[in-house]
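Asks: Go by the hints and put chain Z onto chain X.
Protein chains: 2
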Amino acid sequence: MQLVDQALAGNRRALARLISQVENDGALAAQTLAAIYPRTGRAHVVGVTGSPGTGKSTLVSELAKVYRHAGQTVGIVAVDPTSPFTGGAILGDRIRMRDLAGDSGVFIRSMATRGSLGGLARATAAVVQILDAAGYRVVLIETVGAGQSEVDIARTADTTLVVEAPGLGDEVQALKAGILEIADVLVVNKADREGATNTVRALQAMLDLGAAPRTVAHHGVTLTVGVPNPAGPNPAGPNPTGPNPDSAPAWRPPILQTVALEGKGIAEVVEAIACHQAYLAESGEGATRRRGRIAAELEAILRETLLCRLMQGLAPADIDGMVGRIAARELDPYTAAETLLAPRP
Amino acid sequence: MQLVDQALAGNRRALARLISQVENDGALAAQTLAAIYPRTGRAHVVGVTGSPGTGKSTLVSELAKVYRHAGQTVGIVAVDPTSPFTGGAILGDRIRMRDLAGDSGVFIRSMATRGSLGGLARATAAVVQILDAAGYRVVLIETVGAGQSEVDIARTADTTLVVEAPGLGDEVQALKAGILEIADVLVVNKADREGATNTVRALQAMLDLGAAPRTVAHHGVTLTVGVPNPAGPNPAGPNPTGPNPDSAPAWRPPILQTVALEGKGIAEVVEAIACHQAYLAESGEGATRRRGRIAAELEAILRETLLCRLMQGLAPADIDGMVGRIAARELDPYTAAETLLAPRP
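Those protein sequence lines, which keep their order, are chains X and Z. For the first sequence, counting from 1, position 232 maps to 258 in this note's numbering; every step adds exactly one. For the second sequence, counting from 1, position 131 maps to 157 in this note's numbering; every step adds exactly one.
One should not assume that every hint holds.
Label pairs and their calculated CB-CB ranges [what the hints assert, rightly or not]:
#, chain 1, residue 1, chain 2, residue 2, range
1, Z, 231, X, 300, 39 to 47 Å
2, X, 231, Z, 193, 22 to 30 Å
3, Z, 64, X, 368, 16 to 24 Å
4, X, 127, Z, 313, 43 to 51 Å
5, Z, 364, X, 351, 29 to 37 Å
Calculated Cβ distances over 12 Å to all of chain X for the following chain Z residues [claimed, not checked]:
#, residue
6, 97
7, 155
8, 289
9, 308
Residues on chain Z that point at chain X, a partial pick, calculated with CB under 7 Å [unchecked claim]:
#, residue
10, 331
11, 353
12, 355
13, 358
14, 363
By construction, these hints were calculated from the structure, which means they are not laboratory data. Each residue gets a CB set at the ideal place from its N, CA and C atoms; glycine is no exception.
The shape of chain X in the complex, shown without the other chains (with noise of 0.2 Å):
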């Protein structure tokens, strides 16, 4: 575990490597993940998602300049799962490098396949929690978000920011229905274009809608009367207060304009997400999502060691041997599993 104790310690290219390995190697990473353990919980994980064309990459580069500017360490995970093969995220890449290289205090890491842990979730997980270990404080996880596994990577944010942008036609907009439910914060990108103000009053429509029902779906949370909405400043309009007053939720995502390319709006994106950090704390919110991250990750480690462990005493043989009869129609895939899964004598 030197490699451990180097990354830890601020050696960057320790760190690369540390991640490359627990990536590749399922068995590394439970071993590194079980004592790094301990040192993780620290950082604000903010996860970053919204449809292609919205400017995510240039917020989050953004984002990352206004906390280093407040001294902050930052990591950066940016998913690109659309490429399987060869790997994505590799354009994007460099361009953040250009505006945040040779800055220490800034860490970047493409995930670029699913390696060994079964799943973008599962290592996109993993490396934040390596480089929460690390040091970094905050951590921002840029997603596509317009498929299942971003969603299941928005969620194992704190905090999640959905990024919207005017004039992205009508299909995307009826996408934003099902996003919608994941945001914490929803910030309107490129907000010089003409039809923000739209998109600003279709989001707020949105939140009216779907406001009560989302809190109690998404949380399981019982509704609180009489917090103060915390949601800090709004510069989209007037302050909504939802379709219900009396059973407003405690926390309703603040709307912010931004125009990244050039720098306006981040700061205030910044605020509410601090804001959003507090209400977590004072409200249990944030426990209460901890744990569900928790036991979800339980489940997934159980399952994949489960099968691990199963194939371990099969020969390939027999899998190969059962795909090939399955194939033939002879066996259905249920009846062969209950087959490979039966004592041995």
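Replies: Chain Z alone, transformed into the frame defined by chain X:
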């Protein structure tokens, strides 16, 4: 299994109820899928994926009409993974229903939740198998192609269509690189819009760049020399042979242009799908893909069954206690998993 018999005999209400039951009851799913398995394998499964705004839904609807005109029965599975809480795709469903409603040869199903099957990809695969067993000869799966799960779902198809449209911005262009690797047929929809020729040209260029590694990396088959390109009509431009004709892959995805809203170019897409189906059969590639799918499905069943058995042997308090200790950082998740997996006295 009376419901199964009714569903397979053509009772649409029974079919809809059976699908809901399978989605929501894991044990019943296993039983049902095992029972219908011998009747599956006859449908040609076509995945249709692409970024939001490309007009996938309209294209799917138009494809269904052409198949119906040719006397084929069509199942449609619309996957909208962006709304994990309220369930998505309802709007899209209504739009499609307008044109296809009342046709007993078409069955449309939206995947609204992940239910108990533990993953959207598995739930989708189960629905496809049921439609296959129920006698639908073409099954179209529509997904939003910007995430890992959607790529996984697309891979369960025999033939994957990737839909693009002109003018969706730079980031979308970058996304293509990954999604291209799973394409068997490329469709540039909204081809009457400005920029269609550029989109086609960009796709050609990406195919030229990626053709050889794609085939090797994705399918793991030896490149066949001298097999005629069965790509079918390609109105996009001169017939390309790739950068290295000596090692040309056996299948090069044709690039077709459509205006789905006006029904233009749809017959050519159906023809390209038929060409690909013939290629799969003749080259043996179809059998290779099928075995890969079966192996993945078997593994998923084993994983879920093992976890389920473990959970049945544990008290909820055991799990809760572990989660609490992990949250308090007294214990790391890996050590906790080992403890839960240890033989009990």
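Asks: Interface hint check: residue 353 of chain Z, Cβ to nearest Cβ on chain X, cutoff 7 Å. Holds or violated?
Replies: holds, 6 Å
Asks: Would you assess whether residue 97 of chain Z, listed as outside the interface, keeps its beta-carbon beyond 12 Å of every beta-carbon in chain X?
Replies: Check passes; 26 Å lies beyond 12 Å.
Asks: Can you tell me whether the CB distance of residue 127 of chain X to residue 313 of chain Z sits inside 43 to 51 Å?
Replies: This hint holds: roughly 49 Å between Cβ atoms.
Asks: Does the Cβ-Cβ separation between residue 364 of chain Z and residue 351 of chain X fall within 29 to 37 Å?
Replies: holds, 35 Å
Asks: Closer than 7 Å between Cβ atoms is the bar; does residue 363 of chain Z clear it against chain X? Give me holds or violated.
Replies: Cβ of residue 363 of chain Z sits 4 Å from chain X, so the hint holds.
Asks: Given residue 331 of chain Z was flagged as interface, is its beta-carbon under 7 Å from a beta-carbon of chain X?
Replies: holds, 6 Å
Asks: Between residue 231 of chain X and residue 193 of chain Z, is the Cβ distance one that fits in 22 to 30 Å?
Replies: holds, 27 Å
Asks: Classify the hint on residue 358 of chain Z as holds or violated, based on whether any CB of chain X lies nearer than 7 Å to its CB.
Replies: Holds - the Cβ of residue 358 of chain Z comes within 7 Å of chain X, reaching about 3 Å at its closest.
Asks: The hint says 16 to 24 Å between residue 64 of chain Z and residue 368 of chain X; measuring C-beta to C-beta, is that right?
Replies: holds, 22 Å
Asks: Run the C-beta distances from residue 155 of chain Z to all of chain X and say if the shortest one exceeds 12 Å.
Replies: violated, 10 Å
Asks: Would the non-interface assignment of residue 289 of chain Z survive a Cβ cutoff of 12 Å against chain X?
Replies: Holds, since 19 Å exceeds 12 Å.
Asks: Taking C-beta pairs only, is residue 308 of chain Z more than 12 Å away from all of chain X?
Replies: holds, 18 Å
Violated hints amount to a single one, hint 7; each of the other numbered hints is respected by the structure.
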